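Got chain B; can you put chain P on it based on the hints?
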Amino acid sequence: MVVSKEEILHIAKLADLNIKDDEIDEYAKNLQDILNFVDVLNSVDTQNIKESIGTVNNSNVFRKDEIKEFGDRDILLQNAPEQEDNMFKIPKVI
Amino acid sequence: MELYELTVHELLEKLDNNEICLEDITKSYVDRINDKEKDVQAFVSISDKEALEKVKTIKERKTKFAGIPIGIKDNMCIKGTKTTCSSKMLENFVAPYNATVIDKLDKENMIYLGKLNMDEFAMGASTEYSAFKKTKNPWNLNTVPGGSSGGSAAAVAASMVPWALGSDTGGSIRQPSSLCGVVGLKPTYGLVSRYGLVAFASSLDQIGPITKDVTDSAMLLNLIAGHDEKDSTSVDNQIKDYTKALKEDVKGLRIGVPKEYFGDGINEEVKTTVKEAIKKYEEMGAIIEECSLDIADESLAVYYIIACAEASSNLGRFDGIRYGYRTKNFTSLKDIYRNSRSEGFGAEVKRRIILGTYVLSSGYYDAYYKKALKVRTIIRQEFEKLFKKYDVLLTPTSPTVAYEIGSKSNNPLEMYLADLCTVTVNIAGLPGISIPCGVDKAGMPIGMQLIGKHFDEETILRAAFTYEQAIKFRENQKPEFKM
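Chains B and P, in that order, give the protein sequences. 1 is the number of the first residue of the first sequence in this note's numbering; add one for each residue after it. 95 is the number of the first residue of the second sequence in this note's numbering; add one for each residue after it.
The hints are simulated quantities; they were obtained by calculation from the structure and are not laboratory data. Small disclaimer: the values here were computed from a predicted structure and weren't measured. Backbone N, C-alpha and C define an ideal beta-carbon position, used for all residues, glycine too. If a hint is listed, it holds; no wrong ones were tucked in.
Stretches of chain B that chain P covers, calculated by requiring three or more beta carbons in the stretch to come under 8 Å of a beta carbon on chain P:
{"hint": "1", "segment": "21 to 32"}
{"hint": "2", "segment": "44 to 50"}
{"hint": "3", "segment": "82 to 94"}
Pulled out of the complex, with its shape left as it was, chain B reads as follows (with noise of 0.2 Å):
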C-alpha cells in the first residue's frame, strides 16, 4: 500500500492543518514508513480479543455531577488571543 497525494491533503484537512506542496512528498514519505512498520499487528492473531481502551481493571471512579464555578474568569480570559466584553472573539461566521 502506498499512501497517495491526495490522501495525505484529505487528512491535513481532517487535522486542520496545511501542507504545502513541497512538503507532500516527505509527509507521505514518513506516514508510509510507520504504517509499514506497524505491518507488524497483522500477523498477530486477535480473534475473539476485546479492546483495552484504558490499563487498570476498568472500575470506573465516579463523582457527583455537580457545577462548581471556577471563579476567577479574568485569569481565564487572559488567555485569549482577542477577547471583547468577558467572551473570545472570533471572525464574523454568518
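Just chain P now, with coordinates in the frame of chain B:
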C-alpha cells in the same frame, strides 16, 4: 561537599541537625544554575528571584518539605506562570490553575526553581524537538539528555535542582533518567493525578519523580500519589508510605528477564552492563530466570498507533481561539484554525497528528486503531502471565547510551526505537523504575529498568534500593560536563 550535590534526604538530615538553614539550600541551587545552565540549557524559564524571595518568608519548617526546592517539567500547570510545553503554540500561555501535583507540593510549601525543557508536547526521545532550545547531557555536552523529560533529567544530573517532576507516556521519565545517570520512576497508571498536566496520550500519560537516588524517589512519590476527583482515572486506593519499602533485601525475590530485550537492537555494552547487574542480584539472593515477552516487537507499533491517535484528538483543542498561538494571517474562522495550528506546531507534532488522524479516519480505524487496542489486551495478558511467576521484570531502560545531538533527529522512525524497552510498561499501565547500573567505555551512564505489578511500586523500589546500596553508583560516578 557542596549542598547542591546532596540528595533531598541528605539535605533534610542537615536541616534536622541545624547544620544548615533553608536559605542556604535555595542559594546553593541558584548559584549552581547560574554556573551550569549556560552549558546544559535545561530550563525553559528560571524562577530564581521568586525562589529566593519565597524561601525568606519560610521562618519555620511546619511541613517536612517546607522550603525544599524542585524543578517542574514545563507541561505541568503552576498558576500564574507560563506553561509552554516547549511549543510555540503555548509560548505565552499563563496557567489559570494549578495541576493537582502542584497543589500537593504547595501544601508542603516547596520552592519552584523553574520550568524544565522537553520535546514539544512531550513528543520525542531526545529533547531536540523543543521549539526553544536543545538541552545537553551533563555527562557529555555534545550528546542528548534523552526525552521527552530531558530538561528534568539533565537538571537533576547537573545538580541544578535536587529533584524534579517529569511525565512519561512511552518512556519519557525512564529513558532520559537512564541517559543522564539518575533515577526515574513511572508510577502505575492511575496512581498520580493527571489534572493540570497538558495531555499527550491520556491513556498512557503519568507524572513521576526524577531524583538522584531511590530514597528521594520514594519520598517524592509519597508527595504526589493519591486519588483526585478531578482526574476520573486516578484510582481511589489506600495511601501508602513508599519509604517503608526501602529495605536492603532481595532474598527470594523472583526476577524475570525477558530475552527479547537483549536482542540485536540493544547496544552490546548496554547488554553486558545490565547482565552484570543481573548477576549482582543473583549474588544478593534473588532468583533469576530468563523468560519471554512475546509481544516486545508489536508493542512499539501498538504504542505509536494509540499514542498518536490520542494525541491527534487531545491536540484538537489548540485552535487559536481561547488560548495559545493565533496566526496573524486570516480572514475566516477556518483560516484561524488551520493557520494557527500549522504555524504553532513543530514538525514532529504535525507528523504525529497526521499519523493519529490517519489511523482514526474512516476506512482505516478498524485496521489500525481497533487492531492496536486488541493487541493492547494481549500485551496486558502477557504481563499478567509473567507476573504470576515473577515479582519483578528486569530489562535495559534504553537500547543505547546518550548519542550525539543531531544524529537521529531527522529520522523519526529511528528515534521511535529509543522507546523499545519502555513503551510496553505504559501500554499495560504498570510501574517502572530506571536506575543507573554502570557506564560504558566512554563514561556514559547505562540504566536498567525494573517493572512491577500494578500498584506494587514497593517491590520495584525495594529491588532498586537494594541494588543502589550495593553498587553505590552516585559515589563513584559523576557527570563531568565534557565539551
